[in-house]
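Colleague: Sequence:
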Amino acid sequence: MKTFFIIVNPNADHGQAANIWEQVEQILLTRQVKYEAHQTTRVGHAKQLIHLNFGKQKAENIKDQVVLVVGGDGTLNETLNALKHEAPLEVPLAFIPVGHNNGFAKGIGIASDPLVALDQILAATEPTYYNVGEYQETTHNEQGYFLNDFGIGLDAYTISLNANVHKHMRLRKFLLKLHLNFLAYLINVFTAFLNQEAFAVTLRIGDKYEFFKHARLVNIANHPYFENGIILSPKADINDHQLDLIIADNLGFFKFLALSIAIYFKKQLKLPYIHHYKDKNIHLIINSLEYGQIDGEEAGSKYYDIFFGTIKYPFWINIQGVPVTKRV
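Those letters in the sequence shown? Residues 0 to 327, per numbering that gives the first Met the number 0, in order.
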């Protein structure tokens with residue numbers, strides 16, 4: 000029987016994760032599941048927990064463990080990266096999504112209801128392998144992994160603005176009370192567009208190079224789902240061992256409006272100024288300081304000489320463990 004090492008982000012979904020964890024823990028106790036739980040208190044805490052509990056372990060001591068994350072995509076990303084860098088073997092990951100975005104959960108079919116997601120986890124008898132994105136940035140000698148997407152430019156700028164808005168607790172509570180979170184996100188999208196200058200991108204896939212002089216958006220996706228349930232890369236497939244790249248070039252105001260409408264109808268790839276690529280290996284060079292985001296988390300502003308690929312990672316989940324009607 001597997002033992003679950005549980006990382007709970009109690010602040011996820013504006014504190015709702017703490018209540019969800021109480022319900023999850025009660026089920027684990029009732030079903031006599033072996034587990035050890037830890038709650039994070041800050042960004043980087045999940046990484047520290049993985050380091051302390053897996054970093055110096057021998058492979059045989061942790062072969063029966065599963066790491067279960069109760070939280071959002073940010074905590075899941077932090078945990079995945081820590082496991083890849085610290086653990087002596089690939090410890091299976093499980094995920095109970097808490098929040099509104101949860102792109103990875105949507106991408107593989109994890110139920111939106113946390114307790115149904117727990118049923119999918121407890122129904123598993125062996126790991127299932129899914130693709131995750133891998134990147135190596137040579138300018139800053141950085142390596143890491145992403146579950147959803149890696150964005151440069153407009154989407155990253157938007158996420159930076161959105162993150163700064165949510166640092167103001169009074170404004171966040173006001174938006175929640177009026178159910179205007181999505182409206183605030185749209186305002187930030189337009190603000191980012193007005194402030195995001197065009198930048199040059201060099202793209203290499205295989206032996207072929209392409210050059211874009213006026214890019215506004217560069218997004219490398221592992222599956223279709225983006226922020227707030229938006230489908231940015233409709234042809235992305237988490238099981239095809241490839242990544243989807245979208246570059247928006249020469250994006251003026253009216254083209255931006257057309258793109259916004261096209262995304263709603265999932266027709267953005269038909270626009271002539273949206274360039275779409277699908278491949279196992281992608282190389283990008285950007286010689287200007289641009290915002291970046293990884294799985295919806297700010298990654299700072301920097302230059303890029305970056306290589307992307309995919310790897311397979313084990314997840315402890317049985318998607319078919321509950322009926323389709325219960326997964327929505």
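No lab work stands behind these hints: they were computed from the structure.
Idealized CB from N, CA, C, for every residue including glycine.
Treat the hints with caution; some may be incorrect.
[Unchecked claim] Distance condition first, Cα-Cα at most 25 Å in a straight line; then the derived BS3-like pairs of lysine-lysine: (1) K55 - K1; (2) K1 - K266; (3) K301 - K105; (4) K207 - K105; (5) K325 - K301; (6) K311 - K266; (7) K33 - K57.
[Stated by the list, open to error] The following label-pair restraints were derived from C-beta to C-beta distances: (8) D278 - P313: 35 to 43 Å; (9) R41 - H139: 35 to 43 Å; (10) G228 - K33: 31 to 39 Å.
Colleague: All the hints need checking, so say for each whether the structure fits it.
Modeller: Hint-by-hint comparison with the structure:
As the CA atoms of K55 and K1 are separated by approximately 20 Å, the hinted pair is consistent with the 25 Å bound. This hinted pair does not check out: K1 and K266 have alpha carbons roughly 44 Å apart, beyond 25 Å. At roughly 30 Å between alpha-carbon atoms, K301 and K105 are farther apart than 25 Å, so this suggested pair is violated. Our distance criterion of 25 Å between C-alpha atoms is broken by K207 and K105, whose separation comes to about 33 Å.
As the CA atoms of K325 and K301 are separated by approximately 43 Å, the hinted pair breaks the 25 Å bound. The hinted pair formed by K311 and K266 fails the criterion: a straight-line CA distance of about 29 Å is larger than 25 Å. Taking the CA atoms of K33 and K57, the gap is about 20 Å. The hint holds against a cut of 25 Å. Take D278 and P313: their Cβ atoms lie about 24 Å apart, and the range 35 to 43 Å is violated.
Checked against the given bound of 35 to 43 Å, the beta carbons of R41 and H139, roughly 23 Å apart, lie outside it. Between G228 and K33 the CB atoms are about 35 Å apart, so this pair conforms to the stated range of 31 to 39 Å.
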